[in-house]
Structures are given as C-alpha cells and as structure tokens.
Amino acid sequence: MTGRFFVSQEPYADGSAPVSTQISQPGEPVRLALGYPAAHISVTLTLDAAGRISEETLTDATHLIHRRFVYPETD
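So that you can map any letter, position 59 of the sequence shown is 59 in our numbering, and since no number is skipped, the others follow by simple counting.
The set of hints was computed from the structure by calculation and includes no laboratory data. Computed from a predicted structure; not experimentally measured. From the three backbone atoms N, C-alpha and C, an ideal C-beta is built for every residue, glycine too. Be aware that one or more of the hints could be misleading.
[Stated by the list, open to error] Using C-beta positions, here's what the derived DEER-type ranges look like: (1) Gly27 / Asp60: 26 to 36 Å; (2) Ala38 / Glu73: 36 to 46 Å; (3) Arg67 / Val19: 15 to 25 Å; (4) Ile23 / Arg52: 28 to 38 Å; (5) Glu55 / Gly15: 33 to 43 Å; (6) Glu73 / Pro37: 37 to 47 Å.
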C-alpha cells in the first residue's frame, strides 16, 4: 500500500479538520489533535522531523486504532 493511498482513506485526506490543535510542547515532536464531531471521530497525529506521520491514533464510538509508521532511510 502506498502512503498516498493510505492517506486518501483517512478522515484527514482533504487536509482539513473541523477541530484541530497542536498539543505538543516546544522541543517535542509535533503532535496534532484533530476532531470530526459530526462523524464522532478523533485523531491524534505525531509528525517526524521531516513532517511525515510517525504515529496515528484514531478513535470513534467502537474503535481504537493505533499505528506507527517507519520510513526507509534515504541517502
């Protein structure tokens, strides 16, 4: 599965969220909290130094999904 396909299936695929805030402190990896109240979905994303998603936690009324992403090293 490509990263592009994966992201296209996520609630944040269009690049927006009705509710969003940065929840990390200065000097920590960037953590974003996204809310989709109409769909009863919340998402927490952690970004790596390159701005890529390194962790995702997605919840709704009946699911708790936590994923970690590892990217191949480039020269």
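We went through each hint and held it up to the structure:
Distance hint check for Gly27 and Asp60: the Cβ-Cβ separation is about 32 Å, which falls inside the suggested range of 26 to 36 Å. For Ala38 paired with Glu73, a C-beta distance near 40 Å keeps the hint of 36 to 46 Å intact. Between Arg67 and Val19 the C-beta distance comes to about 21 Å, which sits within the given range of 15 to 25 Å. With their beta carbons about 18 Å apart, Ile23 and Arg52 fall outside the hinted range of 28 to 38 Å.
Range check, Glu55 to Gly15: Cβ separation about 19 Å, and the 33 to 43 Å hint is violated. A beta carbon spacing of about 39 Å between Glu73 and Pro37 agrees with the range 37 to 47 Å that was offered as a hint.
Against the hints set out earlier in the document, violations occur for numbers 4 and 5.
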